[in-house]
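So the sequences go chain by chain: A and B.
Take the first sequence: its position 108, counting from 1, is numbered 108 in our numbering, and each next residue is one higher.
Take the second sequence: its position 79, counting from 1, is numbered 79 in our numbering, and each next residue is one higher.
A portion of the hints provided could be inaccurate.
[As the list claims (entries may be wrong)] Using 25 Å as the maximum straight-line C-alpha spacing, the simulated DMTMM-like pairs for lysine to aspartate or glutamate come out as follows:
1) A:K54 with A:D24
2) A:K44 with B:E15
3) A:K44 with B:D38
4) A:K51 with A:D30
5) A:K44 with B:D30
6) A:K51 with B:E44
These are calculated hints, taken from the structure and not from any lab test.
These numbers come from a predicted model, not from an experiment.
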Amino acid sequence: EAGVTQFPSHSVIEKGQTVTLRCDPISGHDNLYWYRRVMGKEIKFLLHFVKESKQDESGMPNNRFLAERTGGTYSTLKVQPAELEDSGVYFCASSPLLGPGWDTQYFGPGTRLTVL
Amino acid sequence: ELKVEQNPLFLSMQEGKNYTIYCNYSTTSDRLYWYRQDPGKSLESLFVLLSNGAVKQEGRLMASLDTKARLSTLHITAAVHDLSATYFCAVHMNYGGATNKLIFGTGTLLAVQP
Chain A
1 EAGVTQFPSH SVIEKGQTVT LRCDPISGHD NLYWYRRVMG KEIKFLLHFV KESKQDESGM
61 PNNRFLAERT GGTYSTLKVQ PAELEDSGVY FCASSPLLGP GWDTQYFGPG TRLTVL
Chain B
1 ELKVEQNPLF LSMQEGKNYT IYCNYSTTSD RLYWYRQDPG KSLESLFVLL SNGAVKQEGR
61 LMASLDTKAR LSTLHITAAV HDLSATYFCA VHMNYGGATN KLIFGTGTLL AVQP
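Using the sequences and the hints, build the whole thing.
Structure (structure tokens):
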């Protein structure tokens, strides 16, 4: 079974540009989460989708960040316009609603974003 | 707001030695996780601890949970080089089903020296 995949693995952009990160969850996982780790800090929650609906977006830092999950499959996280403080590693995780593994979030390898 | 404190931040161990990583959290929770991350890789789930007194072991790693003290430990027995990685504890937040997020500790970078 394929794990959570994220694209791109690295992105380097200039301040003011737009970047879109993509996450493909494990097939059949209705829960999808975004987290990020900025340099030297903890991994912090951004938001949680259940299927295509935003269940909790309390961790989104500001309105420059837009997450979507059309169709309840893959998700995108767009940052527009990017600022220097947005640099960090963005992780996606998924979990099933029910059944084996329901109580574990399975993480992808992350996208390392560098804003210059 | 739930806070999670993990220590130490960095741990340099010799092969064959034992050590413990600590994870304290500030409010009640129903689940605590330990994850391992190798450089550039995904966070790999090691243990899910659900109840007070829970103890789980996998190879040279053993995790325990004391919900009264709000403390979890990850004990490493007879460390080997392959255990070198960053270890995170994470506490589950679920307020009546309204959220399902994890609050992470800072991570412990473990380096096992020959």
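Structure-based check of each hint:
1. A:K54 with A:D24: holds, 16 Å
2. A:K44 with B:E15: violated, 32 Å
3. A:K44 with B:D38: Holds - the C-alpha atoms of B:D38 and A:K44 are around 19 Å apart, at most 25 Å.
4. A:K51 with A:D30: Satisfied, since the Cα-Cα distance of roughly 5 Å is no more than 25 Å.
5. A:K44 with B:D30: Status holds; Cα separation ~19 Å.
6. A:K51 with B:E44: Since the Cα atoms of A:K51 and B:E44 sit roughly 23 Å apart, the hinted pair holds (cutoff 25 Å).
Comparing the model with each earlier hint shows a violation of hint 2 alone; every other hint is respected.
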